[in-house]
Amino acid sequence: MGIGNLVRSKRFWLGLVLVLAVALPFLIGAYRLQIFIFAITYSMLALAFRLTLNVGLPRFDVAAWWGVGAYTTAMLMLKANMSFWLTLPIAVVMSVVLGYVVFSVSIRRGMMVFMMFGMVFALAIQQVLGTVKFFGGWGGTPALPPVTIGSHVLNNKMWIYYVGLAFLLFNVVVYYLLFNSRIGRAWNAIGSGLRLASSLGVDVVGYRLANVLVSNAFLALAGSFSVMYQAMVLPTTYGFQRSIYVMMYVVLGGFLSPLAGPIIGAVLLTSLSEAMRAVQQYEPIVTGILTVLIIMFIPQGLTGLLHGRVRPLFLRLWPAKAGVQVKGPAGSTQVSGPDEKAGG
Amino acid sequence: MRAKQKTLGIVACLLLACLVVGIAACGGSKTETTTAPSVTESTTGGGGASETTATTASSTATSATSGEQKELKVGALLSLDSIQGVEMKKWLELFAKLYNDAGGWKIGDATYKVRPMFYDTGVWDATKSRAAVEKAVLQDKVKYLVCNWGDVPAETVSVTEPNKVLWLGLDFTDDTVKPTLQYAIRAQGLFFAQGLFYYICQDYIKQGAKSVLVVCPDTQQGHVGAQLVGATATTTGLKVLDPVFFSADTTDFSPIATKIASQKPDAVFFSYVAGASLVNAIGALKDAGWKGFILPGELDGETLKNLVARVGKEYTEGMETGSYDPRNVEKDERTVKYIETYQQLYGDWHSEGCFWVGPWFIFEDAVNATQSTDVDTLVAYLKDSKHGVKTLTGYSQLFARPDLENYKTVDSAPGHYIGVVRDGKFEYLSTIACKDQYLSSILVYGLKDVYQKYWDQYGYPTFPDQPARLDFSDLK
Amino acid sequence: MTLQLFVQLLINGLMIGGIYALVASGFTLILGVLQVFNFAQGHFYMLGAFIAYAVATVMGAPYIVAIIASLAGMAVLGILTYFSIIKWTLRSGFFHTMLVTVAFGTIIGQLAVLKFGYSTAVVAPLIESTLQFGGISLNPGKLIVMAGAIVVMVALWWFLKTKIGVAMMACAENREVACLQGINAEKVFWVTMAVGCGLCGIAGALVAPVLSASTNMGSQVFLKAMIVVMVGGTGSMSGALLAAFVVGIVESFAFQYVESFAPLVIFALVALLLYFRPGGLLGKPLPIPGQ
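Protein chains in written order, with the numbering used here: chain Z, 1 to 344; chain Y, 345 to 820; chain A, 821 to 1111.
Hints in this document: simulated from the structure, not taken from any laboratory.
This one's a predicted model, so the numbers in the text were calculated from it and none came from an experiment.
There's no promise every hint is true.
[Stated by the list, open to error] Just a few of them, taken from the derived set where beta-carbon distance is under 10 Å, the chain A residues facing chain Z: (1) T877; (2) G880; (3) R911; (4) G913; (5) H916; (6) T926; (7) L958; (8) Q1076; (9) Y1077; (10) S1080; (11) A1082; (12) P1083; (13) L1084.
[Stated by the list, open to error] Reference excerpt, derived from the structure (chain Y facing chain A, CB under 7 Å, subset only): (14) A356; (15) L360; (16) T578; (17) T579; (18) P599; (19) S606; (20) Q607.
We put the beta carbon where it would ideally sit given N, CA and C, even for glycine.
Just chain Z, with the same shape it has in the complex:
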């Protein structure tokens, strides 16, 4: 197989990314690894946000549900001495059940109400977490016991990173499977044309609710994972500001791929944030200006840019050998199409 065909192969790029991800702790220092641990959490948040965009529902309560998952895990570990791994399914259930209660009211009222209601809910959640003493108040909880697998204590950054990577992979795989299933197609239909889908008999409210609850479930997982690293929870971490940043990750990454875009955006902006540590006061301004510029001039985001401009360059440089079967990308430029992880 010539280079041309290799470059065209999605599997090649996917493999490359995976190898890099696994090798990462050996390539960079222990301190820098923490950037990627944060990036993993934020990637999961961005993925969850992007998921609900698929059905035309932008959500501003991403950070709040992230907090719900985190606090569930933290409280169980602290008060009930539960093992971290056992808290995971409970956090997910908590997030989904609570989400059902909240969203069944707002989803049927349409996107606008869903959005605004979400914002108000996020505020209410933060208020509850801070005011009610049981949750530790505004100062947060005391330090949590470290996570263990059997008798092995997980306080090594490298292992936390790998666990995070596993979480992220799980997230991506589940989304990928969902996108390519009947549910995914229904979501697609709703996202592309609400009225059309509805008139065709697609249960818009039902599928939207399912979508948001899946998003919630993974937000809870992201919350639990972040507790593994952070070892304490604080209400202010889960505030509106983080939800805004999540939106910026998604915009930067681009809408072409609902899997690659959010991850790329999250990793890049988290790294940028770290690089700007020295001038932290200016960081929101820079990120803001970057977002504005991207929306104005590159609305399709980085993945869109890569696909639209960089990929043709590659294709021209390394033409495919004639006659060799190569599995190419789906080719669809639809905003909410089910794409694979890495752009070709």
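Knowing the structure of chain Z, use the given hints to seat chains Y and A on it.
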């Protein structure tokens, strides 16, 4: 048509940009960090560059022979979003400059160039806190973290302890004085800090106050503050009404003021309320028609000016609260020199940092006394502290916490002053003695018995020579 | 509950309700006519207060000049924002434009913090003394804010009956048909931005003598404006007006009795309202995009 629209768009963009630049330029930014000639490097100027200098600098330090100038890296986790953080940074750089200008800090056999290293933490942000302390400890290999503001101490200490880094800082909770911690010392404690409220309650009682209502933000500090102030007020004999909490980002204080006024207290104490919130709150209180004794939380020159503009001089007359301004109060040579140097370097005087840089002096005292930079040596000295240390705002001394079963001296009683507002100006009224901080706090917390047992076993502590209102006999 | 307390709570509620009405109306206008979810609305409100501070306190001009300056300043900023940023993102869709206002708002907010962060921009109260009315003391500053808000709302109502105002409402109802009728959509857009942002500017200027100008005043008010829009019915101007005063009063009384849990009370009420009366209080919303 398209070209015309494009031109319009470009013109609009340029106008917008000009507007923004114009607004930003006129008046000048209030967040100007030090304008002092920076003798020392800080990590707030370009991430990449400072990292390389950090590694080369530390390798110089390790390869230097005795007599050659080594580097003493002192870290501080400060939030530059807050005035206290900015001020503390200025003070630490000033202290370093004075040492370096004089040829360095002579410790033991060697002379050290003092290099303060700052890490911005955001305010009460666990994520940023963690990232900052990891950078300091793991990457920059800092051995001492002295002075902090805005970080989450529980996070910080979780990294400094396993790495044997000395932590001399500020904590609003008791997380950092647990007996299990080896290297953490609360050099700016707030446990032994009830002296302020004790004095002021007594002053107001003398003027006729009988009841008090405490107002705090709905934060961890706020709740702790409300509880402590309430306990102190009860100890002095005031009737304490239910406290009122307000959301930390409140800007409309009318409902809060109405609620306070409806309870009809003689005195209203604001705890952990400062700046814009304080001005708004007191303004709203006046609008709601209440008049009485006010303890206006933290008051600095600028806030007082704004307050007077808002409510007038008469309403502010007689307000007493903590003051951190050593000017015209401390007459000792060293403090006077610090004040003069600050004004030389930075021009305008700000007192917001004076109190919170207490830990620096405790660090300095320990290093000078032991003539060592070794963390274990310093810790041993600090944990067996027997005397007060002169800071910018009086004396500070470390004491043990037998109530937490910590019998080493790990928690400080920080000294400062009380000021009173007269004719729209904030004047010095009295100094809170170390002894009063210590004793009044024990009294307020109801810990007489626990401490008596401790004193019986370890002996009574001695205090700096300052006039005090309380004595051990008051605890019987 | 004494009469004095009741009156004070009522006035507090009406005052802040007036502010919410102004900000929410501006927001609804921009949402309805341009179909832009303007996240920077709160920040414009904050800037309006600071402009009033700059004009009245720093330059020492009479307060009416400060109010006009805020109105003009924010209107101009709104127009500039439209031509430089919003116009080019409209074609990308609702979500993109909303996100651009989020980013823009973040930039303004952080710039304001960097510039004004630590200081309070205090505007001296307009009337020093307290009014006495039948044994109840009233604060004139708050009454002025209330009156000012009502005056502006009346002016807005009148404005919407003018030619350009009607054009705005037509665009909100059905943009394509409006254009077919010969309405210049572009002109309507920037006028709407000017009006929407100008309303925030006036709100900020009105409230500055009572609440002072601080850099975080926008986010709280924006959130409440959102609640007002939900309660009043998205897209309904009269609904927003009614809802604003309802929310203001509920908030005022709730704080007296449940303090920190007041936001939760409001949240619960909004949830209940949405469940039983999805069209909002008045139930006659304008069509809104992307349902």
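Here is what the structure says about each hint:
no., hint, result
1, T877, "violated (26 Å)"
2, G880, "violated (31 Å)"
3, R911, "holds (9 Å)"
4, G913, "holds (8 Å)"
5, H916, "holds (5 Å)"
6, T926, "holds (4 Å)"
7, L958, "violated (31 Å)"
8, Q1076, "violated (17 Å)"
9, Y1077, "violated (15 Å)"
10, S1080, "holds (5 Å)"
11, A1082, "holds (9 Å)"
12, P1083, "holds (5 Å)"
13, L1084, "holds (5 Å)"
14, A356, "holds (3 Å)"
15, L360, "holds (5 Å)"
16, T578, "violated (21 Å)"
17, T579, "violated (26 Å)"
18, P599, "holds (4 Å)"
19, S606, "holds (5 Å)"
20, Q607, "violated (10 Å)"
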